[in-house]
Every structure is written in C-alpha cells, then in structure tokens.
Amino acid sequence: MTDEQLLAAADDELILGHRDSEWTGLAPHVEADVALSSLAQDEMAHAAALYALLSPADPDALACGRAPGAYRHAPLVEVGGRDFAFSVTRQYLYDIFEEQRIQQFLGSDLPELKAIAERMAREERYHRMHDRAMMAALGARLQPAVDRAWPLALGLFEGTGLSEADWRAIVVPELASWGLAVPEAQPVPGRTRHGSDFDSLWEDLTGLFRTDPSRHW
Amino acid sequence: MTEQAVREALGRVMDPEIPTISIVDLGMVDEVRVHAEHVEVALLPTFLGCPALDLIEEAVLKAIPSAVVTFRHDPPWSTERITEAGKEGLRRFGIAPPDDVVRCPRCGSEQVLAENLFGPTRCRAIYYCRACRSPFEAFKAI
Numbered sequence: 001m002t003d004e005q006l007l008a009a010a011d012d013e014l015i016l017g018h019r020d021s022e023w024t025g026l027a028p029h030v031e032a033d034v035a036l037s038s039l040a041q042d043e044m045a046h047a048a049a050l051y052a053l054l055s056p057a058d059p060d061a062l063a064c065g066r067a068p069g070a071y072r073h074a075p076l077v078e079v080g081g082r083d084f085a086f087s088v089t090r091q092y093l094y095d096i097f098e099e100q101r102i103q104q105f106l107g108s109d110l111p112e113l114k115a116i117a118e119r120m121a122r123e124e125r126y127h128r129m130h131d132r133a134m135m136a137a138l139g140a141r142l143q144p145a146v147d148r149a150w151p152l153a154l155g156l157f158e159g160t161g162l163s164e165a166d167w168r169a170i171v172v173p174e175l176a177s178w179g180l181a182v183p184e185a186q187p188v189p190g191r192t193r194h195g196s197d198f199d200s201l202w203e204d205l206t207g208l209f210r211t212d213p214s215r216h217w
Numbered sequence: 001m002t003e004q005a006v007r008e009a010l011g012r013v014m015d016p017e018i019p020t021i022s023i024v025d026l027g028m029v030d031e032v033r034v035h036a037e038h039v040e041v042a043l044l045p046t047f048l049g050c051p052a053l054d055l056i057e058e059a060v061l062k063a064i065p066s067a068v069v070t071f072r073h074d075p076p077w078s079t080e081r082i083t084e085a086g087k088e089g090l091r092r093f094g095i096a097p098p099d100d101v102v103r104c105p106r107c108g109s110e111q112v113l114a115e116n117l118f119g120p121t122r123c124r125a126i127y128y129c130r131a132c133r134s135p136f137e138a139f140k141a142i
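So the protein lines, in turn, are chains A and B. Letter 168 of the first sequence, counting from 1, is numbered 168 in the working numbering, and no numbers are missing. Letter 110 of the second sequence, counting from 1, is numbered 110 in the working numbering, and no numbers are missing.
There may be inaccurate statements among the hints.
Stated by the list, open to error - Short derived list, chain B residues pointing at chain A, Cβ under 7 Å:
id : residue
1  : G49
2  : H73
3  : R103
4  : L117
5  : I142
Quick caveat, the hints were computed from the structure, so don't treat them as lab data. For glycine and all other residues, C-beta sits at the position ideal for the given N, C-alpha and C.
Using the sequences plus the hints, can you model the full thing?
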C-alpha cells in the first residue's frame with residue numbers, strides 16, 4: 001500500500017461524494033434524494049479519514065489545497081451533468097470496486113488504516129444493497145448508462161494493484177441478471193490528467209479554501 | 001473525581017440527535033483515565049466523520065469541565081456496542097434498534113418493509129410497518 005494509492009482512494013471518495021451531493025434537492029424522487037445525499041456524506045467522510053491519515057497536521061490542505069493536476073481520482077468519478085441513470089450505474093460499478101479496495105486496506109499493516117477500513121466496510125454494505133436495489137428496479141433502461149460508464153469504470157484500476165478480473169466476475173453476471181450487457185471497450189485511464197468536467201468541479205470544491213485557507217473545511 | 005463518577009456523568013450526556021440514549025449506552029466510551037488535574041475521555045465515533053462529534057465533545061465538557069476529549073477509530077465502533085438500555089432508549093424515540101430482525105418500535109410487529117436504506121441521518125434507514133401502518137426509522141446494523 002503506497003501513499004499514492006491511498007491518495008487515489010481519498011480523491012476518488014471526495015470527488016464521487018461531491019458529485020453525489022449535487023443531487024441534493026434535485027434527484028427524481030425523494031428517496032433517491034435522501035440516499036444520494038447520505039452516500040455523499042459517507043464518501044466524503046471516508047475521504048476525510050484517509051486525508052487525515054496521509055496528512056495528520058493539515059488534512060484540509062491536502063483535500064482542497066492542490067492544483068487540479070495533482071488530484072489522483074479516476075475519470076469515472078469526475079463526470080458531471082444531470083444524468084441520473086449514469087449516477088446510479090456509476091455508484092454501483094464504483095462500490096463493487098471499492099469493496100475490493102477496502103479488503104486491500106484491511107490487509108495492510110497500518111493499524112489505523114485497518115480500523116478506518118473496518119468502519120468503511122460496515123457502512124459500504126448499505127451502499128451495495130441500495131445500489132443493487134436501484135439497478136434491479138431500473139434494469140434494462142440503464143443500458144445507455146452502462147455503455148457510457150463502462151470504459152470509465154475500467155479506468156478505476158489504474159495503479160491500484162486491484163484485480164479487474166475479480167471485479168468483472170461480480171459485475172458482469174449481475175448486470176446480465178438485470179438485462180444489461182457489457183460493451184467491448186478499452187479502459188479510459190486518467191488518474192494523472194483530468195477532463196474539462198473536473199475544472200468546474202475543482203473551482204467549486206476548493207473555492208472556500210482558496211479564498212481563506214484558515215477556514216475549517 | 002473517581003472513574004465511576006466520570007462514567008456516571010458521561011451516562012447523562014445524551015446523543016445530540018437522539019436525546020433518549022446516552023453516549024455510554026451507545027457504546028462510544030472507550031476509555032476513562034482520571035489524572036490529578038484532568039480526566040481523559042477517549043470516545044469512538046459511531047460513523048466516520050460523524051457531524052455530531054463537536055456537539056458531543058461540547059456536551060462532555062459541560063458535564064465534566066476538566067475532561068480532555070479525544071476521538072479514536074481503533075477499536076472501530078459498531079452497533080454491537082449499544083447496550084440493552086440503549087436499545088430501549090432508541091425504541092422510546094421511535095427508532096428500531098439494530099437487531100437481526102427489524103421490529104416496529106411502536107407495535108413490535110415484524111411485518112415491516114425497508115422503504116429506504118438511507119434516512120435523516122447517516123446511521124438510520126426508513127421502514128414501514130404494515131401492521132400499524134406507520135413509517136418508522138431503524139438504526140443501521142453497522
């Protein structure tokens with residue numbers, strides 16, 4: 001487990017949490033609104049715990065004080081816009097990936113990381129139950145979202161040391177059970193270079209910190 | 001102050017969002033150490049980054065002015081740490097405790113439906129009781 005891998009995990013959680021939070025008040029129905037807002041809080045709290053582990057003296061500066069090019073999240077999590085089907089699909093594909101990542105943390109020899117991972121694991125169980133219920137309810141209507149999210153989801157694995165094959169072994173049959181096919185696609189890498197969606201997200205996310213770094217985030 | 005007096009005082013510090021359960025019954029108190037000039041109180045946050053932690057620290061300081069409060073993640077908190085008295089407190093507030101079988105906190109029926117695995121706070125889910133036809137909240141088993 002390298003610091004770079006931990007930073008990638010923290011950044012994935014922060015950026016996905018930020019995107020989830022953008023649904024607050026705007027999701028298609030109230031249950032989805034509450035769920036996405038809670039998912040956002042969970043992911044951001046996980047990010048905060050990981051930043052505190054990486055930079056105990058000043059986690060806020062690590063979370064909000066970097067130039068856009070220094071963030072290490074995967075392209076999947078930065079995609080913006082009002083595509084609810086994409087958000088649901090992204091959360092599912094990401095949470096199955098994250099389950100593996102938490103197992104990796106649990107196997108680390110850092111006691112503090114293991115303790116954080118244990119808490120994450122218990123909370124994430126609810127994410128996956130929710131994701132699967134949403135995927136099953138929306139079923140084949142999610143095909144365009146799967147087509148769009150799939151190559152981006154493959155890009156999650158870059159540099160993580162996690163197994164795409166293990167992840168495929170879970171998601172491919174589950175998607176099939178909901179009437180969803182997986183497209184032929186090459187992974188979209190990009191943990192070290194980000195797209196235009198990230199520019200506006202970064203402005204928004206780091207605005208307060210850049211205005212006054214002494215504020216408590 | 002003796003350790004027992006500290007623990008009794010902590011037993012009167014209620015969760016800021018669920019006023020019928022104390023932080024002791026929630027299982028948040030990991031360690032109490034009494035020193036000559038101050039008292040160390042080590043608490044386990046329930047959820048990572050729970051937004052109520054500042055309020056809980058304030059409430060502890062109000063109950064025990066000489067307390068120095070720290071939060072630690074190791075050992076990780078889990079709902080298994082909630083005491084029987086704590087579960088009763090949850091029910092009294094209308095929240096089903098985190099048991100294997102979710103029962104309606106009002107009528108005790110097991111004829112319940114999970115409406116939403118997320119709720120008004122990160123630790124609660126929304127259920128519906130088909131017996132007494134009431135929505136209710138359940139503490140997540142985490």
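To see whether the hints hold, each was checked on the structure:
With a least beta-carbon distance of about 3 Å to chain A, the hint placing B:G49 at the interface is held under the 7 Å criterion. A distance limit of 7 Å between C-beta atoms decides the matter here; for B:H73 the minimum to chain A is near 4 Å, and the interface restraint holds. The interface hint given for B:R103 is broken, as the beta carbon of that residue sits about 19 Å from the closest beta carbon of chain A, more than 7 Å. At its closest, the beta carbon of B:L117 sits 5 Å from a beta carbon of chain A; the interface hint therefore holds under the 7 Å criterion.
Taken as an interface hint, B:I142 checks out: its beta carbon lies about 4 Å from the nearest beta carbon of chain A, inside 7 Å.
The earlier numbered hint that this structure contradicts is number 3, and it is the only one.
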